[in-house]
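Colleague: 3 is the number of the first residue of the sequence shown in the numbering used here; add one for each residue after it.
A couple of the hints might just be wrong.
[Claimed, not checked] Each computed EDC-like pair below joins lysine to aspartate or glutamate, with the alpha-carbon atoms no more than 16 Å apart:
id, residue 1, residue 2
1, Lys6, Asp44
2, Lys6, Glu55
3, Lys6, Asp50
It should be emphasised that the hints constitute simulated quantities derived from the structure, not laboratory data.
Computed from a prediction, not measured in an experiment: that's the story for all the values here.
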Amino acid sequence: MAKKIPVLEIFGPTIQGEGMVIGQKTMFVRTAGCDYRCRWCDSAFTWDGSAKEEIRQMT
């Protein structure tokens, strides 16, 4: 069985804007399925983690 994770968005290539690899080309995988449900959250659309992507397809 293939391993899967809840993926909200995959974007890039883009330039890393922070951290030790600032300025380098990178890709981002934004995951979903947060279960904290903070009252001040501005990203409630990320709470649903039911859609899954195979890890193999992302690499």
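Colleague: Next, verify each hint and record whether it holds.
Modeller: Here's how the hints hold up against the structure:
Taking the CA atoms of Lys6 and Asp44, the gap is near 26 Å; set against the 16 Å cutoff, the hint is violated. Pair hint Lys6 plus Glu55 holds up; C-alpha atoms about 5 Å apart against a cutoff of 16 Å. Only pairs whose Cα atoms come within 16 Å are accepted, and Lys6 paired with Asp50 is accepted, the gap being roughly 15 Å.
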